[in-house]
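K.L.:
Construct the complete structure from the given sequences, taking the supplied hints into account.
Start counting at 1 in the sequence shown, then tack on 63, and there's your number in the working numbering.
The set of hints was computed from the structure by calculation and includes no laboratory data.
Just so you know, these numbers come straight off a predicted model, no measurement behind them.
Virtual Cβ for every residue (Gly too), placed ideally from N, Cα, C.
It is possible that part of the hints are untrue.
Claimed, not checked - Now the in silico label distances, taken between C-beta atoms and shown as ranges:
no.: 1; residue 1: ARG205; residue 2: THR232; range: 20 to 28 Å
no.: 2; residue 1: ARG108; residue 2: LEU372; range: 40 to 48 Å
no.: 3; residue 1: ALA340; residue 2: PRO192; range: 33 to 41 Å
no.: 4; residue 1: SER228; residue 2: ARG100; range: 42 to 50 Å
As the list claims (entries may be wrong) - Okay, derived cross-link-like pairs now, SDA-like style, lysine to any residue, Cα gap no bigger than 20 Å in a straight line:
no.: 5; residue 1: LYS329; residue 2: ALA317
no.: 6; residue 1: LYS329; residue 2: SER150
no.: 7; residue 1: LYS329; residue 2: ARG165
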Amino acid sequence: MATPLPTFVTRRRPDWDALQALLTRQRAGRLGLTELRTLDTLYRRAAADLAQAQTFYPGTDAHRFLNQLCAQAYGAIYQPPRERWASTRDFFRRDFPATLRREARFVGVSAGLLVLGLLLGALVVTLEPRGAELLVPEGVRRYVAQGRMWTDDLLSVAPPNAVASGIATNNLTVTLFAFASGILLGVGPIFTLVNNGVLIGAVGALCFREGMAAGFLDFIAAHGPVELSIIVIAGGAGLMVGQALIDPGELPRAQALQARGREAVKLVVGCAPFLAAIGAVEGFISPGHLFPTWAKVGLGLSLGALFWLYLLRAGRTVAGVARADVPEASASNRLR
Numbered sequence: 064m065a066t067p068l069p070t071f072v073t074r075r076r077p078d079w080d081a082l083q084a085l086l087t088r089q090r091a092g093r094l095g096l097t098e099l100r101t102l103d104t105l106y107r108r109a110a111a112d113l114a115q116a117q118t119f120y121p122g123t124d125a126h127r128f129l130n131q132l133c134a135q136a137y138g139a140i141y142q143p144p145r146e147r148w149a150s151t152r153d154f155f156r157r158d159f160p161a162t163l164r165r166e167a168r169f170v171g172v173s174a175g176l177l178v179l180g181l182l183l184g185a186l187v188v189t190l191e192p193r194g195a196e197l198l199v200p201e202g203v204r205r206y207v208a209q210g211r212m213w214t215d216d217l218l219s220v221a222p223p224n225a226v227a228s229g230i231a232t233n234n235l236t237v238t239l240f241a242f243a244s245g246i247l248l249g250v251g252p253i254f255t256l257v258n259n260g261v262l263i264g265a266v267g268a269l270c271f272r273e274g275m276a277a278g279f280l281d282f283i284a285a286h287g288p289v290e291l292s293i294i295v296i297a298g299g300a301g302l303m304v305g306q307a308l309i310d311p312g313e314l315p316r317a318q319a320l321q322a323r324g325r326e327a328v329k330l331v332v333g334c335a336p337f338l339a340a341i342g343a344v345e346g347f348i349s350p351g352h353l354f355p356t357w358a359k360v361g362l363g364l365s366l367g368a369l370f371w372l373y374l375l376r377a378g379r380t381v382a383g384v385a386r387a388d389v390p391e392a393s394a395s396n397r398l399r
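P.N.:
See below:
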């Protein structure tokens, strides 16, 4: 015999209300992974309740309510995949900057390693002039000995687009190596960051010692802030991979590597378009004297400030809370 309708509604209403609340949170993009599982469970219970209502209480308000509730839940759980452009837009609008904010400690360590390399390279060349023979490439030392910047002839031997392409390829190689070498228990990113820092610091100290500090600043000012930021972010991604291998926590090492690797890949992929853009700046604007130094400095500082403003602010609500800062916050949008 069927349960009286008031009793049925009273007994099952808490689950229906809970499902409604989760659907509201799902539409706002605020649903966590645990809540997604609860949503699926409550939907299945509501579907069973709908079948019971169709059998014993057809045409009632409870039947109509459950029909609408299950339709909404089905649409939320089995929604079709988002358009590729929408996914890409959401990735750069929320996922990429939110991932960087969540993993800020790795990016901070990466920045510290680069700065350490800069200081070491600069101190060695400053305190021991012969240190330049070990740390600065011979071609660069030869130009500096002549009182010329090694970048002066870049645009005379190749058109700007070729220079930009070559620079972008080199930057991409460094970035990918800083990330992928994290599989070597984090040693690869550490070496890459410190080594690049030592090279830049040594070259800068050599130029300063030889009275060419202005020329060095003229070349690196426009692209340096963003380019070094990208290398630091890629190094942080590599350190994340290394940390997953060294300290997987409660997960098996393979699962920890997979989970942390997905987050690390987001950082590298997110940097890709910025890396291409800054390669164009380095190829077209940084070399030569077409643009005055003050313009290059202003451009570099502006690009660097905008880049980090985007990373630190994108995806945050008006109240200053980043909805995507919670790892599972956008998971509801990926329900299939």
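K.L.:
Are LYS329 and ALA317 close enough, with their CA atoms no more than 20 Å apart?
P.N.:
holds (19 Å)
K.L.:
Mind checking the hinted window 33 to 41 Å against the Cβ distance between ALA340 and PRO192?
P.N.:
Cβ of ALA340 to Cβ of PRO192: about 38 Å, so the range 33 to 41 Å holds.
K.L.:
So if I understand the rule, the pair passes when the alpha-carbon distance is 20 Å or less; does LYS329 with ARG165 pass?
P.N.:
Measuring from Cα to Cα gives roughly 12 Å; hence the hint holds.
K.L.:
Verify the CB-CB distance for SER228 and ARG100 against the hinted window 42 to 50 Å.
P.N.:
With Cβ atoms ~48 Å apart, the hint holds.
K.L.:
Is 20 to 28 Å respected by the C-beta to C-beta distance linking ARG205 and THR232?
P.N.:
holds (24 Å)
K.L.:
Could you check the hint for me, namely that ARG108 and LEU372 are 40 to 48 Å apart, CB to CB?
P.N.:
With a Cβ separation near 46 Å, ARG108 and LEU372 satisfy 40 to 48 Å, so the hint holds.
K.L.:
Is the straight-line distance between the alpha-carbon of LYS329 and that of SER150 20 Å or less?
P.N.:
Holds. LYS329 to SER150 sits at ~13 Å (cutoff 20 Å).
Comparing the model with each numbered hint stated earlier shows that all of them hold.
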